[in-house]
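Student: First to last, the protein sequences are chains A and B.
Residue numbering for the first sequence is 0 to 197, as defined by numbering that gives the first Met the number 0.
Residue numbering for the second sequence is 0 to 332, as defined by numbering that gives the first Met the number 0.
Honestly, the hints are just simulated from the structure, not real lab data.
Beta carbons are placed, not taken as given, at the ideal position from N, Cα and C, and that holds for glycine.
Take the hints with a grain of salt, since some may be wrong.
What the hints assert, rightly or not - Short derived list, chain B residues pointing at chain A, Cβ under 10 Å:
| hint | residue |
| --- | --- |
| 1 | Asp59 |
| 2 | Ser64 |
| 3 | Gly70 |
| 4 | Ser146 |
| 5 | Phe155 |
| 6 | Gly168 |
| 7 | Pro178 |
| 8 | Phe211 |
| 9 | Lys215 |
| 10 | His216 |
| 11 | Leu260 |
| 12 | Thr264 |
| 13 | Val273 |
| 14 | Val303 |
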Amino acid sequence: MARVKFLCDADRCIECNACVTACKNEHEVPWGINRRRVVTINDGKPGERSVSMACMHCTDAPCAAVCPVSCFYTTADAVVLHSKDLCIGCGYCFYACPFGAPQYPKVGNFGSRGKMDKCTYCAGGPEEDFSTVEYEKYGSNRLAEGKLPLCAEMCSTKSLLAGDGEMIATIYKERVMKRGYGSGAWGWKTAYKETVAI
Amino acid sequence: MKAQFKTLVAALAILFASAMLPAAAQYNNFNPTKEAVQEDKLLQQLKEGDRLSGRITIPDPKAASLIQPQGQSWRDFHQNKLPTIGGVVLLGMLGALVLFFLVRGRIKVEHGFSGKTITRFASIDRFAHWMTAGCFIILALSGLNVSFGRMVILPFFGAETFAMISGYGKLAHNYLAFPFMAGVALMFLLWVKDNIPNKLDLEWLKQGGGLFVKGKHPAAGRFNAGQKGVFWIVITGGIAMSVTGWFLLFPYTAPDGVAGLQLFTTVHAVLSVVFIAAMLAHAYIGSVGMEGAFDAMGTGEVDVNWAKEHHALWVAEEQAKAASVPRNSVPAE
Numbered sequence: 000m001a002r003v004k005f006l007c008d009a010d011r012c013i014e015c016n017a018c019v020t021a022c023k024n025e026h027e028v029p030w031g032i033n034r035r036r037v038v039t040i041n042d043g044k045p046g047e048r049s050v051s052m053a054c055m056h057c058t059d060a061p062c063a064a065v066c067p068v069s070c071f072y073t074t075a076d077a078v079v080l081h082s083k084d085l086c087i088g089c090g091y092c093f094y095a096c097p098f099g100a101p102q103y104p105k106v107g108n109f110g111s112r113g114k115m116d117k118c119t120y121c122a123g124g125p126e127e128d129f130s131t132v133e134y135e136k137y138g139s140n141r142l143a144e145g146k147l148p149l150c151a152e153m154c155s156t157k158s159l160l161a162g163d164g165e166m167i168a169t170i171y172k173e174r175v176m177k178r179g180y181g182s183g184a185w186g187w188k189t190a191y192k193e194t195v196a197i
Numbered sequence: 000m001k002a003q004f005k006t007l008v009a010a011l012a013i014l015f016a017s018a019m020l021p022a023a024a025q026y027n028n029f030n031p032t033k034e035a036v037q038e039d040k041l042l043q044q045l046k047e048g049d050r051l052s053g054r055i056t057i058p059d060p061k062a063a064s065l066i067q068p069q070g071q072s073w074r075d076f077h078q079n080k081l082p083t084i085g086g087v088v089l090l091g092m093l094g095a096l097v098l099f100f101l102v103r104g105r106i107k108v109e110h111g112f113s114g115k116t117i118t119r120f121a122s123i124d125r126f127a128h129w130m131t132a133g134c135f136i137i138l139a140l141s142g143l144n145v146s147f148g149r150m151v152i153l154p155f156f157g158a159e160t161f162a163m164i165s166g167y168g169k170l171a172h173n174y175l176a177f178p179f180m181a182g183v184a185l186m187f188l189l190w191v192k193d194n195i196p197n198k199l200d201l202e203w204l205k206q207g208g209g210l211f212v213k214g215k216h217p218a219a220g221r222f223n224a225g226q227k228g229v230f231w232i233v234i235t236g237g238i239a240m241s242v243t244g245w246f247l248l249f250p251y252t253a254p255d256g257v258a259g260l261q262l263f264t265t266v267h268a269v270l271s272v273v274f275i276a277a278m279l280a281h282a283y284i285g286s287v288g289m290e291g292a293f294d295a296m297g298t299g300e301v302d303v304n305w306a307k308e309h310h311a312l313w314v315a316e317e318q319a320k321a322a323s324v325p326r327n328s329v330p331a332e
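Using the sequences and the hints given, assemble the complete structure.
Tutor: This is the structure:
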């Protein structure tokens, strides 16, 4: 089975935020929540790099480990998903996540956290595939249609790669070889405990 | 005219070319594309507790954080160290109390109950105590559920039932926090003047409070050193839990974002188990552990013999007060 990952080639990312917009539109993500975001390091200085960041779907996901109600599960493709029915909005997954992927609408008591929402790798949630409830809670399920996440599809420079981990690592390695430099597969060491050797 | 025009073009061309030369030389040894920031170098340079962040166009400033590696140490603390600390402290205290009961037994009133009582706690005292204590019990149980429920309770219930219990537990925890804080404040105002430590407490502590030897009753005022200890644990612990808890209730107001929240959850979790252990001991001695003790908070009226054995100086003060009042009143109804 494929073990899917995200790889953002920071040397190609032009900070156009197409990935951010595509995700937000496709899943009708509520106000105040951005499942994907583009962060620019060293803005304005030589060596400026932009990285598109969302849930990395880690091996040994810290969010899943700390959840008090154990609402996370990992699919056969290694996508880390969760159930909004079980989620109590405690915030622990956000404290543990190195990438800040979990986010919460401010609909809880005293305007605090509601149910957690995060990038689903366009794979929906525990509800039945393509059902209305699944769309309302988690957004569209592209993976069940055999499609890859929309953010990577919409990337204007093909810097954001999504798909089988081996495949995208190979693509990235080829690019680095061809152009002679690469700032690394951002987040891979933290998420997958391994990195792309360049 | 044509010749002048040609000269002008030539001059401009030379100017242009000479301007280019120094610029080209500048970039000979420096390729800005290759001088890219490397993720591993940046992560190595990060100090403890720092996060890697940059510039974003999304209006939420929290989104500017790219990687916060300290989430991994928080996870390790919460999943590994905290259960160990909790287990040792809570089970240790329970074990110690059971052992104490088996060895020392229930502390009896030596001279038996006299049948006469004296008022120890007025209605307001008992209200403050039970409001705080009742809230504490629910706060403790719901809090323990968040930290340890997944290990201890989830295996016995289905995922949906456990999530529902935990959801209601979290709501109870969030709402009862306020009457708890009010109760702690009220108890402080009511009892702080009788809980200032003094020399008598030192003597009481030296004699172990009379806990370990039958028949030993070191002198004490309204509150003995053990009770003063409980009071200050409740006040300081209560304040610490309230402050950390406040930021967990309103996480978007916490200073230093996620790092601040991680610190607050850690302090809140560790302090809570210590607090619960202390309250277990307090509840023990006030109920099972000592005959006649519960009446103080139960009805407010305690037996005079019990009071003379454990709070002799206070009884003397109260009787002196009653004697100075020119009324023919009996303390107990």
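Student: Next, verify each hint and record whether it holds.
Tutor: Evaluated hints:
no.	hint	verdict
1	Asp59	7 Å, holds
2	Ser64	5 Å, holds
3	Gly70	5 Å, holds
4	Ser146	7 Å, holds
5	Phe155	13 Å, violated
6	Gly168	8 Å, holds
7	Pro178	15 Å, violated
8	Phe211	40 Å, violated
9	Lys215	46 Å, violated
10	His216	47 Å, violated
11	Leu260	6 Å, holds
12	Thr264	6 Å, holds
13	Val273	20 Å, violated
14	Val303	48 Å, violated
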